[in-house]
Amino acid sequence: MAKSRGFVAVNTEECKGCKLCVDACPVDVLSISSLFNVHGYNHAEYEGQGCTGCGVCFYACPEPGALVVFKNWEKVRMNYHVIEKDIVIPLQIKDAKKGIAMSEDGAFEVDLSQFKNLHFTE
Amino acid sequence: MSGQILSKSSGFFDDYIHKPGEDKSSTHYCPGCGHGILHKLIAEALVDNDATEKAVFVSPVGCSVFAYYYFNAGNFQAAHGRAPAVATGIKRSLPDSVVISYQGDGDLAAIGGNEILHAANRGEAISVFFVNNGIYGMTGGQMAPTTLVGTKTTTTPYGRTLRNEGYPIQMAEIIASLKAPVYVERVMMADTKSINAARKAVRKAIKNQVEKKGFSFVEILSTCPTGWKMTPVQSQEWLISTYQEHFPLGVLKDISDQVEPLNLDHNYAELSQVPTLIDLPKENFEVHKENIPDVVDEEIIVAGFGGQGVLTLGVWLSEMGMREDLNVSWIPSYGPEMRGGTANCNVKMSTKRIGAPVIAHPTVLIVMNKPSLDKYGETLVENGIMLYDSSLMGDDLERTDIVKIPVPATKIANELGNTRISNVIFLGVLTGLSDFLDESVVRNTLPMIFKKRHLLDINLKAFERGLEISRAYKK
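Sequences listed follow chains A and B, in order. Add 1132 to the 1-based position in the first sequence for our numbering, that's all there is to it. Add 150 to the 1-based position in the second sequence for our numbering, that's all there is to it.
Treat each hint with caution, since some may be false.
[Said to hold, decoys possible] Dumping the calculated DMTMM-like pairs for lysine to aspartate or glutamate here, alpha-carbon to alpha-carbon at most 20 Å: (1) A:Lys1151 / B:Asp341; (2) B:Lys343 / A:Asp1155; (3) B:Lys379 / A:Asp1155; (4) B:Lys204 / B:Asp415; (5) B:Lys354 / B:Asp588; (6) B:Lys169 / A:Glu1145; (7) B:Lys174 / A:Asp1160; (8) B:Lys554 / B:Glu532; (9) B:Lys354 / B:Asp198; (10) A:Lys1151 / B:Glu387; (11) B:Lys362 / B:Asp246; (12) B:Lys502 / B:Asp475; (13) B:Lys611 / B:Glu565; (14) B:Lys329 / B:Glu410; (15) B:Lys502 / B:Glu474; (16) B:Lys502 / B:Asp447; (17) B:Lys602 / B:Asp429; (18) B:Lys204 / B:Glu361; (19) A:Lys1151 / A:Glu1179; (20) B:Lys204 / B:Glu172; (21) B:Lys343 / A:Asp1160.
[As the list claims (entries may be wrong)] Here are the in silico distance ranges between beta carbons for each label pair: (22) B:Asp246 / A:Ser1166: 47 to 53 Å; (23) B:Gly290 / A:Gly1172: 17 to 23 Å; (24) B:Gln384 / A:Val1159: 21 to 27 Å; (25) B:Gln384 / A:Glu1179: 21 to 27 Å; (26) B:Pro507 / A:Gly1172: 49 to 55 Å; (27) B:Asp415 / A:Phe1168: 53 to 59 Å; (28) A:Leu1167 / B:Glu410: 55 to 61 Å; (29) B:Asp407 / A:Gly1172: 47 to 53 Å; (30) A:Ser1166 / B:Ile390: 25 to 31 Å; (31) B:Glu395 / A:Val1159: 29 to 35 Å; (32) A:Leu1167 / B:Gly290: 49 to 55 Å; (33) A:Glu1179 / B:Leu412: 48 to 54 Å; (34) B:Glu410 / A:Gly1172: 52 to 58 Å.
Hints in this document: simulated from the structure, not taken from any laboratory. Glycine included, C-beta positions come from ideal geometry on N, C-alpha and C.
Please work from the sequences and hints to get the whole structure.
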């Protein structure tokens, strides 16, 4: 698959596993995890590759803070990933406020606050 | 779409601090609930229109009753169905605010059908979001006015029938048929395309209000996976396959480009102008308070039949009390008839603050007919004063622990030429007997009540006759 143009981070503690994002995703890169979150829901997860950054899942999701969609991922991924990583690792945001994200290497801090108020503009 | 990142809108609280319980980060809505999607669309539209600081949500009853947990905006809680009326008040008193009435179908189409019609008909410059999911979700799946024919709910266990419950009501069409609304659209939140259309409609409804265009109404077909007993994905499929057939999508009315922005400046009188406007010269508001004791705590019941001036006498007593700088309350009780029927009122006059206006045991009782004597005679406190119309009834109350004062009020009133002034005679007697009413204050107040000269003369005469009677009893 070509380089991912976008990236979806799932706040697993806010996700209620309703599956609407999975259903809505035009490129089928979202799925429901076999893991449970603290509320007992199987949360959504991003498979790590193929996101186009279209934002469809964001608007399909009923939970205000459960999904964060990054556009132009190739340009900005360095801000969020350990630089020496070649492949994109599924990133799950544990705490959007503090910017703690999970990867295979464990939790690390990312800075989400600077993007807080950016939106689609028509 | 030039944004770099799509994340939780700043129109929401970072942490839902007003939400009770431990979980301050997720909403209380069920998984897959349409409210969450609509909340996101509204929050985004508010932020993009720079309106979060001046936004006021009016949330009545429904699952969305707790919208104030989430939106970082003002909120008013309205009674069930009354959101458009409350929104009208807010918008008129704060014309620069962005007032959003967020209502469900049980709220807007059932109990609040009247409010929304008239708010729309007046063209109030508010934005109404009407969430139509065809069921009472919050209360556990009862039939809503929008429920489709044949649908089984807890209150239509055999399915909704035309014979019993009628057709699902199409609110957007009804609103669009009115002249005043500027924008009416029905949208759906079921798939990417329809959610995008809903997003545009929400933005337009908010933009219309920011631009002072007038009444905007967006009906949003939404899902209730829990109430419908479907998965969220199935619910959205059912919206597309079935529900929207009965509620056709689209713009039903849009004249927002053709109308001029409304002038929402209010034209209300300043408080200081009110006495002049109702023809009360300012000097009449002077407080007297010279000849009355330091502590007053009187509870007066005036009772009789309608037309005797029972309630009016109570109003006058409270008026006099106010002029003595007392705290007063007046609460009437009467039948639907203007004349005849029983009538009574409770008047409290006190140097203390008054907690409740209702009186159980009066200190003063004025009875103007026999049934009232029977009803209230026994409730009078010990050593209380009872004034009764001796021309209409005898004294057959077997109590010796009270002061009974017969006042032939109707007889005197007839002698003076007008039966209707008997209440003023009672006022005269009570003024003479009591230490909490000053006769000079009453004399000065009566000319403001009776503006016509001949009425004033006869009432002043009646008042003096009352004072005369009281002198015989004064200690």
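Holds or violated: Lys379 of chain B and Asp1155 of chain A, Cα atoms, limit 20 Å. holds (18 Å)
Given hint Glu387 of chain B paired with Lys1151 of chain A - CA-CA distance at most 20 Å
holds (13 Å)
Check your understanding: Under the criterion that the straight-line Cα-Cα distance not exceed 20 Å, is the pair Lys602 of chain B, Asp429 of chain B satisfied?
Key -> holds (14 Å)
Exercise. Sort out whether Glu172 of chain B lies within 20 Å of Lys204 of chain B, counting only the CA atoms.
Key: Since the Cα atoms of Lys204 of chain B and Glu172 of chain B sit roughly 29 Å apart, the hinted pair is violated (cutoff 20 Å).
_Gln384 of chain B paired with Glu1179 of chain A, Cβ distance criterion 21 to 27 Å_ = holds (24 Å)
Q) Given the proposed pairing of Lys343 of chain B with Asp1160 of chain A, does the C-alpha separation stay at or below 20 Å? A) Holds: Lys343 of chain B and Asp1160 of chain A sit about 17 Å apart, inside 20 Å.
The hint says 25 to 31 Å between Ser1166 of chain A and Ile390 of chain B; measuring C-beta to C-beta, is that right?
holds (30 Å)
Checking one constraint from the list: CA of Lys502 of chain B to CA of Asp447 of chain B, max 20 Å. Satisfied? holds (7 Å)
Margin query: Next pair to validate is Lys329 of chain B with Glu410 of chain B; report whether the Cα-Cα distance is within 20 Å.
Written below: Roughly 15 Å between the alpha carbons, so the hint for Lys329 of chain B and Glu410 of chain B holds.
Does 17 to 23 Å hold as the CB distance between Gly290 of chain B and Gly1172 of chain A, or does it fail? At roughly 22 Å between Cβ atoms, Gly1172 of chain A and Gly290 of chain B fall inside 17 to 23 Å, so the hint holds.
Measure nothing beyond the straight line between the CA atoms of Lys204 of chain B and Glu361 of chain B; if it is 20 Å or shorter, mark the hint as holding. holds (14 Å)
* Asked: Holds or violated: are the alpha carbons of Lys362 of chain B and Asp246 of chain B at most 20 Å from each other?
  -> holds (9 Å)
The structure fails hints 5, 7, 20 and 32 (numbered hints given earlier, in ascending order).
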